[in-house]
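Spelled out from the first residue to the last, the chains are:
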Amino acid sequence: MNIIANLFKSSLGKKYIMAVTGGALFLFVVGHLLGNLQFFLGPEVINRYGHFLQANQEILWPARLGLLVMAALHIWSAVKVSAENRAARPVPYADWHPTVASYASRTMLLSGVIIAAFVIYHVLHFTVQTKSINFTGQSFVALRDTEGRHDVYRMMVAGFQVPLVSGFYVLAMALLCLHLSHGIGAMFQSLGWKDEVYGPWIDRSAKMLAWLIFLGYVSIPIAVLLGYGKEAVK
Amino acid sequence: MNLTLKVWRQKNATAPGRFEAYEAKDVLPEMSFLEMLDVVNEELMERDEEPIAFDSDCREGICGTCSLVINGIPHGGRKGATVCQLHLRHFKEGDTITIEPWRAKAFPVVRDLVVDRSAFDRIIQAGGFVSVSTGGVPDANAIPVPKADAELAMDAAQCIGCGACVAACKNASAMLFVAAKVSHLGLLPQGKVEKDRRVAKLVEAMDAEGFGNCTVTGSCEAVCPKEISLHFIARLNRDYAVAMLKGRAV
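Going down the list, the sequences are from chains A and B.
End of the first sequence sits at 234 in the numbering used here; the numbers just go up one at a time, nothing left out.
End of the second sequence sits at 250 in the numbering used here; the numbers just go up one at a time, nothing left out.
Extracted from the complex, chain B is given alone in its bound form (with noise of 0.2 Å):
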């Protein structure tokens, strides 16, 4: 099948982007996304010009490394999957698709589709951990924790820090991002020592790196690969209020 991309290429941070368009002949709807965009850099570098640059790592849908916008959609619009696990079988023969870096402050493009989401990195830096003490290994089950408990933070853990709820919400906002790190570390009994110190720290730490605020649309949890649960806000709304209220968060 034959596509035509509208991709944006910015040569660095400071350079002024552009849309330039280039023509995928004779891809294969098995390919994935990726694969294709390989098959065009493959085809640019045998022309001598500068391939696309975007980032990709295990293309398994696990790593949340890849990162586009496609036609508007962070990750293209499957439900519940990266990029990476998105295949040609989805588009049309003959459709122009445009592709996008995920566009926020916070996340200042690298070069053509590649952005820098250290300020994730540093958010986590600033609470999303869990202090153990080293010792001898305690014994398996001399903590209970409730089987819900367990499910709600198993799945706020499932977060893959791609960023993509940051490029899908209108106010560039990180909110699920964060709420999934302190829902997954603080329902746990291990991290609840800290839970209080922990929300009011990863939330400084989020407004500092200049992340929009939640006007709760939903569109974060819509794109999000692991369909991480918009009720993840609400915990953090909530345990960052009840922190404040204690007196821990300033």
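Bound-form chain A, shown alone (with noise of 0.2 Å):
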């Protein structure tokens, strides 16, 4: 008996593995946003939010790591399974009708990697706060508010007002809203939770989860466009 090599080998295991760290990046993207949302309460808000991160590093470490190995995971079994179900037909049709198949549920694999270039653009604009990609001219280390914290609603305001910035995190949000419009429903499918009386309510709730986040986390954005906060810039 070797329930972990099956696992990683068989086609179900695999989408076990894809399912459940799937779901604990969905956990992080909801529990993000309900912090990022914080910055519509004002930067003593957001900012004692950032503080209290980056103060636990005990917390904030194991944190990362889980998610970087759930993210690797998430890629890891979604590689695999692409690679076998292309090689599953080899000779393609030449007039092929997806019929029910979603746009979401066929272009998995594309939204996925684009979101995957954009969190590493983002953990490296906001996170690790590489002055040269955030196209303000300005350091983001630097930003201290008056208690001495990291000034985390001086450096979102200021980091959005760029429309590049701004444009690509709305676009990655819109795929990431795709994405878990047909992901968080195989989720369930996957790990066998779904039957004729939930599975309708289910997909109906992924859809409309997928919404909300994508409402949610441009909002922010969006709201600096429009001019949100500018007077903590000046």
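Note that these hints are calculated values from the structure, not bench results.
Be careful, since some hints might not be right.
Said to hold, decoys possible - Per label pair, the in silico range of CB-to-CB distance: (1) Thr96(B) / Leu171(A): 36 to 44 Å; (2) Asn2(B) / Gly167(A): 52 to 60 Å; (3) Ser133(B) / Ala174(A): 56 to 64 Å; (4) Gly247(B) / Val119(A): 33 to 41 Å.
Said to hold, decoys possible - In silico lysine-lysine, DSS-like type, Cα no more than 30 Å apart, as pairs: (5) Lys9(A) / Lys246(B); (6) Lys207(A) / Lys79(B); (7) Lys192(B) / Lys147(B); (8) Lys195(B) / Lys80(A); (9) Lys6(B) / Lys79(B); (10) Lys170(B) / Lys195(B); (11) Lys9(A) / Lys201(B); (12) Lys201(B) / Lys226(B); (13) Lys80(A) / Lys201(B); (14) Lys9(A) / Lys192(B); (15) Lys226(B) / Lys192(B).
Unchecked claim - If you only want the chain A side, here are some residues facing chain B, beta carbon under 10 Å, derived: (16) Asn2; (17) Asn6; (18) Leu7; (19) Gly13; (20) Lys15; (21) Ala19; (22) Val91; (23) Asp95; (24) Thr99; (25) Ala101; (26) Arg106; (27) His182; (28) Gly185; (29) Gly192; (30) Glu196.
For clarity, every value in this text was computed on a predicted model and none was experimentally measured.
We treat Cβ as the ideally placed atom computed from N, Cα and C, and that holds for glycine.
Hints are included, so try docking the two chains, each in its own frame, into the full complex.
Laid out in structure tokens, this is it:
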């Protein structure tokens, strides 16, 4: 008996890995959104939140490493499964009709790759705070509020005032919404938690959650582009 | 009515294939799609040309032998119908129709539109059965079966093994087929005994045949002539996870 080997080798095992890691990443996306939305409660609240996270390195680093492992396994299973799927149909159809297969379901790999590219940029932009890629000419590391904490509020306003940065952010969130609109439902399916009773409800909730996540995330760059918080960066 | 057919022609498994155009002249709207191909084949034979090879048997939608992809949809896109139950009245005068075989690595083309589906037989041989000890006939009511379970098992048992699910799936996955067999046999008391071993063996055989993985697009369910529900795949995933956690899937 070797459950672990079977998990990584069998077709269904790989789908379990995909679903569980996707679920974990989804929970992070929700938590991160709730954290971000404190932006609208003003500099004091979001800066305190940022400081709280940064001050607890013992929690921060295990969480980061955990997320990294989840992302790595999610990507590994996606690459492996996609390669097998391609190999399963060596001769393509000349004429192929997708019938009910949604656009989201057919483009999971593509949306995933672009989201991954965004995540790398996003981490460099706001976490590592690489000066050269924020297009503002200033370093975010130096931003401090009156209490000496990192000024997350000013960083977000200055960062999103760059239309190119906000544009990429909105595009990535749109693709995340697309990815989740299929992914959340598929996660329940892959783990066998879907049936005639809960199935339709899960699918509707998945689409609604994907939209809420999209609207929640893009509300920040759009508010900033519309002038919200500009007094903070003067 | 008159139709133009773009048909995949391939001499054998190793020869390269290509599309050939044929005219189906003066065919009737009442004809089934396969009858129309019979007419075209008769003309071809009269001209001493090789007829188009395609699979068919019962021609009443219950055997699962006919297998054509018509305009990109296995069985032609009529809900709950095999291609033998598709009639020309669903096409328009002068239509050009593309006809292809099932396309999957696990279903190699034998000739023209005929594919070898013995991969399905090998999956069934691996565990798609109920072992019955012989002996006297048991009393009919000795084993109680809940009505809901019986209904669900019968829904799954409708699968005729045509392979349209594989043909429609963008990943050429056979999971709807395997899921149907797992629920069909595993839901009833006689088949429950071997449930864990069966699901493990079937998935192992499915993977070995080189079918793709399920990405939950729902295409299989949409083209299935027996309208087998996608929920059976969720049930397969559940059953396999249970078997795996019990240490019975290796």
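Note to self: Need the status of pair Lys226(B), Lys192(B): alpha-carbon distance at most 30 Å?
What the structure shows: 24 Å, holds
Notebook entry, point to check: Is the interface hint for Gly13(A) satisfied, with its Cβ closer than 10 Å to some Cβ of chain B?
Noted result: 7 Å, holds
Check: Is Lys201(B) close enough to Lys226(B), meaning Cα to Cα at most 30 Å?
Finding: Status holds; Cα separation ~24 Å.
Next item on the list: Below or equal to 30 Å on CA atoms is what counts here, so check Lys192(B) against Lys147(B).
Entry: 16 Å, holds
Next item on the list: Verify the interface restraint on Arg106(A): the C-beta must sit less than 10 Å from at least one C-beta of chain B.
Entry: 6 Å, holds
Note to self: Next item in the hint list is Glu196(A). Is there a CB on chain B closer than 10 Å to its CB?
What the structure shows: 6 Å, holds
Check: Do the numbers back the hint for Asn6(A), that is, is its least Cβ distance to chain B under 10 Å?
Finding: Hint on Asn6(A): holds, closest Cβ of chain B at ~6 Å, below 10 Å.
Check: Is it true that the C-beta distance of Asn2(B) to Gly167(A) lies inside 52 to 60 Å, as the hint says?
Finding: Check passed, 53 Å falls within 52 to 60 Å.
Next item on the list: Please test the hint of 36 to 44 Å on the beta carbon pair from Thr96(B) and Leu171(A).
Entry: The hinted range 36 to 44 Å holds for Thr96(B) and Leu171(A), with Cβ atoms some 39 Å apart.
Check: Can Ala101(A) be said to touch chain B, with a Cβ gap under 10 Å?
Finding: 4 Å, holds
Item checked: Satisfaction of the Gly185(A) interface hint, Cβ to chain B closer than 10 Å -> Since the shortest Cβ distance to chain B is 7 Å, the answer is holds.
Notebook entry, point to check: Per the CB criterion, is Gly192(A) less than 10 Å away from chain B?
Noted result: At 3 Å from the nearest chain B Cβ, Gly192(A) passes the 10 Å test, so the hint holds.
The structure meets every hint from the earlier list without exception.
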